[in-house]
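Novice: Next come the chains, spelled out residue by residue.
Protein chains: 2
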Amino acid sequence: MKILRINTRERTCAIEEMGEYSGLGGRALTSRIIRREVPANAHPLSKENKLVFAPGLLSGTMAANSGRISVGAKSPLTGTIKESNSGGIVSQKLAKLGIGAVILEDKPERDAPFTAIRIHKDGVEFFDAPERGGRDNYAYQDVLNDFFGGKAAVALIGTAGEQCMQAATIQFSDPYGNPARSAGRGGMGAVMGSKRVRCIAVDDADASGIEYADKEAFKAANRRWTEILKNHPVTGQGLAGFGTAILVNIINEAGALPTKNFRTGRFDHAADVSGEKLSETIEKRGGKVHEGCHPGCVMQCSQRYVDEKGEYVTSGFEYETLWAFGPNSLIHDLDLIAAMDRLCDEKGIDTIEMGNTVAIAMEGGLIPWGDGPAAYELLKKIGTADPMGRIIGNGTGYTAAALGVDRVPVVKNQALPAYDPRAVKGVGVTYATNPMGGDHTAGYAVCQNVLKVGGDVDGHKDEGNIELSKNLQIATAAIDSSGMCLFVAFAVLDTPDAMQVMCDLLNARYGGSITPDDVLALGVQVLKDEHSFNADAGFTKHDDQLPRWFREALPPHNVTWDYTDDELQAAKTF
Amino acid sequence: MKILRINTRERTCAIEEMGEYSGLGGRALTSRIIRREVPANAHPLSKENKLVFAPGLLSGTMAANSGRISVGAKSPLTGTIKESNSGGIVSQKLAKLGIGAVILEDKPERDAPFTAIRIHKDGVEFFDAPERGGRDNYAYQDVLNDFFGGKAAVALIGTAGEQCMQAATIQFSDPYGNPARSAGRGGMGAVMGSKRVRCIAVDDADASGIEYADKEAFKAANRRWTEILKNHPVTGQGLAGFGTAILVNIINEAGALPTKNFRTGRFDHAADVSGEKLSETIEKRGGKVHEGCHPGCVMQCSQRYVDEKGEYVTSGFEYETLWAFGPNSLIHDLDLIAAMDRLCDEKGIDTIEMGNTVAIAMEGGLIPWGDGPAAYELLKKIGTADPMGRIIGNGTGYTAAALGVDRVPVVKNQALPAYDPRAVKGVGVTYATNPMGGDHTAGYAVCQNVLKVGGDVDGHKDEGNIELSKNLQIATAAIDSSGMCLFVAFAVLDTPDAMQVMCDLLNARYGGSITPDDVLALGVQVLKDEHSFNADAGFTKHDDQLPRWFREALPPHNVTWDYTDDELQAAKTF
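In order, the protein sequence lines correspond to chains A and B. Counted from 1, the first sequence has number 121 at position 121 by the UniProt record's numbering; the numbering is strictly sequential. Counted from 1, the second sequence has number 39 at position 39 by the UniProt record's numbering; the numbering is strictly sequential.
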């Protein structure tokens with residue numbers, strides 16, 4: 001594997017050996033590069049920041065669910081180091097081209113034309129990006145298809161990224177030709193926008209492909225790996241049945257579904273936006289209930305949501321998005337929520353951040369609670385000349401400041417996802433202490449707190465949740481480095497030989513002899529890189545905490561949040 | 001002296017003994033109250049924040065230049081503790097009523113009517129504030145005069161404060177009946193706005209007045225004190241001659257006048273906006289070159305700026321304001337700059353923050369460099385329904401995020417004042433390390449670096465400037481606690497017996513036997529209160545630093561900024 005360094009000001013590139021980064025992939029690689037090469041006190045939109053795209057260690061192989069990509073930088077939203085993880089078809093193509101990481105460096109003048117980059121087996125080409133001409137991402141994907149020829153596999157920013165909005169995503173082409181997969185959190189799209197790169201197209205035609213140290217061993221390991229994923233009730237059936245939206249009813253039942261800006265844990269209209277309702281609606285209209293976000297996925301947790309006429313609206317319509325535009329804002333119209341999901345992909349902006357932002361707009365009296373059409377109109381302003389779009393596009397904390405709202409559900413200025421931390425304390429610990437700001441994927445204790453997968457820890461009690469979150473954060477950092485979809489964790493946690501099978505895959509690919517302990521050690525190392533960057537950027541234990549109003553009791557279970565700053569530090573002590 | 005606690009939700013008040021706060025005044029008192037009573041991680045706009053108004057220890061007495069007021073809270077702009085210091089006529093009236101501090105606590109619902117508070121010798125009254133009816137502060141002062149009867153002495157927020165803008169000021173009535181004096185920095189007006197208090201009127205009619213332990217000794221000390229101030233060339237002549245605007249030519253000559261968002265230290269058109277030009281213009285038009293901001297001022301550094309028809313435009317038109325709307329934005333039209341100063345007082349918003357914000361708007365391409373009319377139109381949006389006003393009103397860092405600008409001259413999110421820190425390193429150390437964020441008054445090393453008052457330390461070299469800033473920060477904290485105008489420091493620094501005379505004043509007022517060492521110890525204690533609050537709020541040595549781009553050389557002297565984070569900590573080590 002090689003490193004591809006691109007100077008965005010000069011539009012030049014250099015191909016380097018992996019060198020000191022050898023043996024790393026995905027999040028382990030993006031975080032190590034940012035830690036080593038970006039000053040912790042650099043402005044995230046300055047030429048000193050870098051944007052790194054890294055396929056995981058297993059990406060490009062035939063291993064099931066291994067096609068995720070890590071995007072890393074110093075985040076404009078949080079000021080922390082950030083790894084944002086996405087599906088789509090770019091990761092596997094980069095890996096097949098033998099590219100371990102693409103690093104965007106430097107930046108041109110602020111009015112420089114946007115660049116389109118094409119990476120293929122013979123090198124890298126730079127173009128003035130084709131005119132956007134008012135087109136949002138879906139229509140612009142078509143323009144790029146024409147520009148590059150054929151179905152382009154792209155990483156793309158929308159108008160939100162072009163304006164360097166702090167909640168801007170990088171969108172990735174999905175297997176069906178839509179720019180529907182997102183490196184969603186932390187404003188990676190703003191970093192790309194600051195470097196005036198509108199898109200990177202990756203073409204793996206005639207690529208040399210993946211080399212295996214032992215291809216037969218890899219195939220054997222992958223057979224077992226696929227079996228593990230297919231045999232587990234969550235990865236084999238639950239996710240495939242209703243997608244992640246199956247959680248609406250489950251989390252609501254648990255009294256942990258944040259409703260009206262985290263005021264209660266139950267939503268009266270949860271049934272209207274449940275996974276069951278979603279599937280029923282899709283089936284009735286002739287959409288697709290099961291789809292994968294990248295080739296080789298055996299879970300197929302995504303879907304193709306269509307309107308009443310059967311026309312495609314959106315896909316990758318996750319529980320967190322449903323929640324953000326639904327219960328948290330008191331909206332319960334599935335079609336409207338789907339339209340907002342699509343709109344966010346069109347603009348290139350994070351749905352979790354935007355859902356919380358909509359709730360803040362309601363909190364601040366800008367639009368009425370539960371008014372979906374008004375929320376949609378507000379989101380439409382993003383990426384336009386309307387200054388309100390620049391407020392909304394910068395996210396929850398920013399919008400709260402514009403409106404003088406003090407009930408702001410953020411950690412390190414990143415909006416919290418779809419699990420009330422008082423009722424799912426393990427994930428609350430993750431929100432507070434993980435290196436990325438308010439994030440659930442970094443240590444998804446919903447497994448043990450609610451789903452009772454991989455253990456049973458009471459989500460209402462303090463006991464055990466710090467240790468739980470810590471261990472999950474370690475495992476997650478390792479999984480995010482492998483290129484595996486995080487959802488493999490459901491099966492891995494419940495299957496004794498799963499970790500060893502992951503090691504078998506890595507060893508058959510690279511010829512090493514790593515063990516499960518090595519994998520966990522890698523996870524710890526990733527977290528250490530990230531926490532040390534953050535410490536140098538000025539973050540302390542006082543930043544590893546939820547807003548004070550979470551100390552108020554949450555109905556219906558009247559649970560509160562009362563960990564001290566010092567207690568929470570145990571989740572970061574390795 | 002007593003403490004007056006006001007519950008802004010219930011519209012009730014309680015009068016308390018000074019108790020643990022006994023012996024404190026001004027900044028020493030506001031910072032101690034915030035340190036003790038406000039959780040460091042409270043949201044600045046939440047009910048847990050408090051807003052404290054405290055006259056200085058000598059306020060209300062006959063001592064020259066002792067009528068300043070301290071306003072303290074956790075700052076919405078910086079997240080640090082904040083003391084914002086103002087002239088005007090409220091401080092002396094509070095002191096004469098025997099009130100050591102007014103503390104606004106709690107907050108009503110966000111749509112509650114605004115409150116007008118009246119404090120007088122018999123107690124406190126609460127009213128629904130008279131309708132603003134679209135009126136800005138000057139016209140609203142008239143409404144308040146009618147409402148309260150006579151010339152009301154008020155602390156007042158404008159529309160910026162009502163919208164909880166992070167750069168909102170609290171305006172104080174000046175001796176001429178205009179709301180022209182500002183507790184300008186750090187968004188104290190937003191805290192007042194969050195508590196839905198529009199104004200506090202203080203009426204000292206029939207107040208018992210100031211008690212002196214030894215009135216004759218006080219008079220004697222004040223005679224010498226007045227002599228000291230009148231005899232020093234800066235306080236006796238310089239400030240009275242041209243006001244603080246005398247600095248335009250001096251700082252430009254020193255190559256330290258930040259021009260075009262801190263790109264160079266010289267401005268081609270400095271002469272057009274100099275103090276000399278300001279005085280000449282005022283005199284020609286029949287304005288007033290000398291005015292004081294409070295009764296008892298012997299310096300008279302303020303002025304009455306009038307238009308070509310001789311009509312009043314603004315007063316308290318400081319060097320920093322002139323600079324912010326002038327050289328830093330490449331504007332050199334005095335009338336326009338004066339109009340922007342007035343507009344900021346009308347809206348209730350900080351001129352230093354707004355001048356930098358205008359430069360960021362130019363940096364971000366929102367308006368052209370040097371376009372004064374466009375800048376004026378932009379500022380007019382503050383406090384209106386236009387969302388651009390909510391961007392601008394939240395200040396420099398916030399506006400930079402809206403526009404994707406990475407050249408952002410802030411420390412702890414507060415915009416830097418009118419001295420390039422590379423060429424006036426002593427003040428640069430103050431910007432970086434004082435507890436309030438980018439602020440010059442907290443340790444005004446311009447004295448020694450440029451004016452050569454109170455010593456001579458080269459502003460271009462690292463040597464000596466950390467120690468210099470530290471000592472000035474200590475002295476300033478003490479002066480800010482006395483109620484004395486900070487400008488007394490010019491004379492105090494050069495006059496051997498001045499510190500003793502200040503002690504004589506304090507002892508004659510309160511009957512103690514404090515010494516100059518005690519005064520300095522008080523200054524250290526104030527800083528310790530403030531720094532410890534900030535540490536608990538999550539600030540570290542990495543926050544005590546200038547933005548990285550100050551490491552670039554500043555023309556014409558090509559000086560750079562190269563203190564390390566660790567070196568700078570010496571300025572906070574007591």
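Think of the hints as simulated: they come from the structure by calculation, not from any bench. Virtual Cβ for every residue (Gly too), placed ideally from N, Cα, C. Among the clues, some could well be false.
EDC-like, lysine to aspartate or glutamate: derived pairs with alpha carbons at most 20 Å apart [as the list claims (entries may be wrong)]:
no., chain 1, residue 1, chain 2, residue 2
1, B, 541, A, 552
2, B, 2, B, 211
3, B, 47, A, 280
4, B, 260, A, 497
5, B, 381, A, 386
6, A, 260, B, 552
7, A, 309, A, 280
8, A, 47, B, 552
9, A, 260, B, 203
10, A, 277, A, 227
11, A, 230, A, 497
12, B, 380, A, 386
13, A, 380, B, 386
14, B, 260, A, 308
15, A, 541, B, 536
16, A, 381, B, 111
If you anchor each label on the Cβ, the simulated ranges turn out as follows [what the hints assert, rightly or not]:
no., chain 1, residue 1, chain 2, residue 2, range
17, B, 551, A, 223, 41 to 51 Å
18, B, 231, A, 532, 55 to 65 Å
19, A, 548, B, 552, 33 to 43 Å
20, A, 280, B, 37, 38 to 48 Å
21, B, 574, A, 532, 23 to 33 Å
22, B, 18, A, 570, 38 to 48 Å
Novice: Can the restraint linking residue 541 of chain A and residue 536 of chain B be considered satisfied, given a maximum Cα separation of 20 Å?
Specialist: Holds, because 9 Å separates the two Cα atoms, which is no more than 20 Å.
Novice: So if I understand the rule, the pair passes when the alpha-carbon distance is 20 Å or less; does residue 260 of chain A with residue 203 of chain B pass?
Specialist: Violated, because 44 Å separates the two Cα atoms, which is more than 20 Å.
Novice: Given the range 33 to 43 Å, decide if the beta-carbon distance of residue 548 of chain A to residue 552 of chain B lies inside it.
Specialist: Check passed, 40 Å falls within 33 to 43 Å.
Novice: With a cut-off of 20 Å on the C-alpha distance, tell me whether residue 260 of chain B and residue 308 of chain A pass.
Specialist: Outside the cut-off at roughly 56 Å; violated.
Novice: Can the restraint linking residue 47 of chain B and residue 280 of chain A be considered satisfied, given a maximum Cα separation of 20 Å?
Specialist: Since the Cα atoms of residue 47 of chain B and residue 280 of chain A sit roughly 46 Å apart, the hinted pair is violated (cutoff 20 Å).
Novice: Hint says 38 to 48 Å; check whether the CB-CB distance for residue 280 of chain A and residue 37 of chain B agrees.
Specialist: Cβ of residue 280 of chain A to Cβ of residue 37 of chain B: about 55 Å, so the range 38 to 48 Å is violated.
Novice: Tell me if the straight-line CA distance from residue 380 of chain B to residue 386 of chain A falls inside 20 Å.
Specialist: holds (17 Å)
Novice: For residue 260 of chain B and residue 497 of chain A, compute the direct alpha-carbon distance and say whether it is at most 20 Å.
Specialist: The given pair, whose Cα atoms are some 64 Å apart, is violated under the 20 Å limit.
Novice: Taking 41 to 51 Å as the hint, is the beta-carbon distance of residue 551 of chain B and residue 223 of chain A inside that range?
Specialist: Cβ of residue 551 of chain B to Cβ of residue 223 of chain A: about 56 Å, so the range 41 to 51 Å is violated.
Novice: Per the hint of 38 to 48 Å, is the separation of the Cβ atoms of residue 18 of chain B and residue 570 of chain A within bounds?
Specialist: For residue 570 of chain A against residue 18 of chain B, whose Cβ atoms are near 42 Å apart, the range 38 to 48 Å holds.
Novice: CA of residue 230 of chain A to CA of residue 497 of chain A, is that 20 Å or under?
Specialist: holds (14 Å)
Novice: For the pair supplied as a hint, residue 381 of chain B and residue 386 of chain A, confirm whether the alpha-carbon distance does not exceed 20 Å.
Specialist: holds (14 Å)
Hint compliance for this structure: hints 1, 3, 4, 6, 9, 10, 14, 16, 17 and 20 are not met, and every other hint is.
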